[in-house]
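Colleague: Residue-level listing of the chains:
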Amino acid sequence: MANQLLEIKGINVFYGDIQALWDVSLQVEEGTIVALVGANGAGKTTLLKTVSGLVRSSSGEILFMGRDISGLSTKQIVDLGITQVPEGRRLFPSLTVLENLRLGAYIPRARPSFATSLERVYSLFPVLKNRREQKAGTLSGGEQQMLAIGRALMAQPKIIMLDEPSLGLSPILVKTIFQLIGALNEQKTTILLVEQNINQALKIAHQAYVFKTGRVVMTGKGADLLKDEEVRKAYIGERVRKTK
Amino acid sequence: MIGVLPQVVVNVILFGTMYGIAAVGLSLIFGTMRLIFLAQGTMIVLFAYLCFWFFTLLGLDPYLSLVLVVPIAALIGMGFYYGIFKEAAALEDKNVSLLLAVGIMYLVENLMLVLWTPNPRSVVTEYTGLVFRPFGIPITFTRLMALVLAVISAGAVFLFLKKTLIGTAVRAASEDMTSTTLMGINPNWVNAVAFTIGIILAAVAGVAMSTVYSFDPNYGFVFAIKALIALTLGGIGNVYGALLGGLLLGVIESSAAFYIPGGWTEAVSYGVFLLVLIFRPYGLFGGSIKKA
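The listed protein sequences derive, respectively, from chains A and B.
Under the working numbering, residues 367 to 610 are what the first sequence spells out, in order.
Under the working numbering, residues 21 to 312 are what the second sequence spells out, in order.
If you're looking for bench data, these hints aren't it; they were derived computationally from the structure.
Be careful, since some hints might not be right.
[Claimed, not checked] Under the rule of at most 27 Å between Cα atoms (straight-line distance), these lysine-lysine pairs were calculated in the DSSO-like manner:
#: 1; chain 1: A; residue 1: K441; chain 2: A; residue 2: K501
#: 2; chain 1: B; residue 1: K114; chain 2: A; residue 2: K495
#: 3; chain 1: A; residue 1: K501; chain 2: B; residue 2: K106
#: 4; chain 1: A; residue 1: K554; chain 2: A; residue 2: K599
#: 5; chain 1: B; residue 1: K114; chain 2: A; residue 2: K441
#: 6; chain 1: B; residue 1: K182; chain 2: A; residue 2: K495
#: 7; chain 1: B; residue 1: K106; chain 2: A; residue 2: K495
#: 8; chain 1: B; residue 1: K106; chain 2: A; residue 2: K554
#: 9; chain 1: A; residue 1: K441; chain 2: B; residue 2: K106
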């Protein structure tokens with residue numbers, strides 16, 4: 367069996383009386399890109415928040431490198447090497463680009479390697495270096511997404527969880543962001559990707575899980591799901607029609 | 021008339037900085053915990069009494085007593101956060117924290133009534149009556165010291181927020197606590213640090229106040245409201261605006277006292293408070309300062 371970095375076994379998550387995740391299981395193999403796809407409100411973001419410790423599961427296990435992390439605080443989880451880039455980027459708009467990056471390396475484990483991490487982020491996103499003294503709120507949408515990813519990289523994560531990185535970006539920028547995700551993955555960063563842009567996500571993903579109303583309804587290789595008649599009809603329908 | 025006006029202006033600056041540093045404390049606490057810490061004024065009076073105690077019992081100079089009062093304030097700040105507010109701060113419903121603050125206010129107020137009686141106290145030293153007359157404008161030494169203390173402590177807070185990593189985290193948390201948590205920053209630590217700085221600023225204001233005014237246990241709530249007005253003028257959650265708001269409140273109060281018959285001063289402050297809330301709910305210079 368391949369080396370599973372993150373393994374989720376049968377978790378159930380509630381918001382008050384409402385159940386958001388039903389017996390969800392999935393595996394993220396080290397060094398791969400795993401995509402979670404499905405309609406809005408299907409539970410993808412909830413899953414990421416549960417892994418990050420922002421939301422608690424009521425049952426089931428979340429194993430990271432074989433260790434159950436489901437009871438740990440977000441701080442401990444980030445320290446172990448799991449970083450989430452939340453939906454909508456959630457930068458600190460009145461802080462400078464550099465201050466945002468500095469906070470990305472807040473955890474004690476990441477602090478000694480601050481300079482090397484910064485070098486890496488600047489080489490990935492040269493525009494951030496030029497704008498380092500600028501307030502994050504003044505950046506364009508694409509630059510903000512780069513900063514959000516860069517900030518997450520500052521924590522030296524083993525796995526990075528991206529929530530809707532292409533949301534609200536122009537088609538050209540969407541392409542750039544997906545290229546970047548591919549490049550990051552080539553640098554050995556494992557990626558758990560939540561996307562509404564299913565076509566792009568399945569193209570890039572090694573493995574994908576289809577979510578529907580809080581359950582995993584289908585799983586397979588990204589390329590296989592992309593060819594799957596049912597998936598195309600349900601989620602990429604519009605695009606198929608357009609290309610005809 | 022012309023001779024009195026500069027004196028009013030000077031009074032303004034000296035007066036307003038006191039509201040200003042109290043408001044900076046309120047702003048830090050509100051920014052992180054989303055709590056209007058109504059007990060701030062009562063804490064200021066408590067520290068004024070502490071200073072009074074060190075002065076009468078130990079003969080300690082009020083300004084020198086800061087060496088003791090500030091560490092005590094730091095302990096109280098940490099103790100209050102971890103002992104009282106920690107659980108409530110994690111709740112969506114911020115009313116729980118607000119009620120705790122009201123509880124602290126009445127508890128501390130009544131404790132002071134028992135310990136120090138309702139009679140007004142003041143710290144009278146050999147320099148209490150000392151007055152300088154640069155350019156013929158009378159300036160009291162103790163008021164000048166209030167300004168000096170306010171400038172030093174506000175400067176220290178600004179440097180802390182700007183230059184240290186935890187200070188940057190406090191500013192970040194005021195913008196987005198969830199995102200701050202996702203950086204691996206413990207939200208309780210950020211809250212505790214901001215809250216403790218707020219209490220330390222209350223201690224500085226308390227010491228400054230004890231040397232300028234006579235005070236009694238009930239004065240705290242009025243001071244908290246004044247600080248709240250200063251905070252609103254500057255824009256809630258805006259630390260720099262809070263200090264300016266304090267100065268502005270001083271301007272409003274002293275010009276009201278100067279131009280409008282007595283008794284109306286307070287009414288003018290509250291009137292301005294309401295007008296600002298109605299027409300500029302984010303403060304008078306909130307927007308412009310955020311851009312700067």
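Colleague: Taking the hints in turn, state whether each one holds.
Modeller: Now the hints, each set against the structure:
1. Between A/K441 and A/K501 the CA atoms are separated by roughly 26 Å; this keeps the pair inside 27 Å, and the hint holds.
2. Of the pairs offered as hints, the one joining B/K114 and A/K495 is violated, with about 39 Å between alpha carbons and a cut-off of 27 Å exceeded.
3. Simply put, A/K501 and B/K106 have alpha-carbon atoms about 31 Å apart, too far for the 27 Å limit, and the pair is violated.
4. With a C-alpha separation of about 33 Å, the suggested pairing of A/K554 with A/K599 is violated against the 27 Å cut-off.
5. A distance of roughly 23 Å separates the Cα atoms of B/K114 and A/K441; the hinted pair therefore holds under the 27 Å criterion.
6. At most 27 Å may separate the alpha-carbon atoms for a hinted pair to count; B/K182 and A/K495 meet this at roughly 20 Å.
7. Between the alpha carbons of B/K106 and A/K495 the distance comes to roughly 38 Å, so the proposed pair goes past 27 Å and is violated.
8. Pair hint B/K106 plus A/K554 does not hold up; C-alpha atoms about 39 Å apart against a cutoff of 27 Å.
9. Proximity of A/K441 to B/K106 is assessed by CA-CA distance (about 16 Å); at most 27 Å being required, the pair is judged to hold.
Hints 2, 3, 4, 7, 8 from the list above are not met by this structure, while the remaining hints are.
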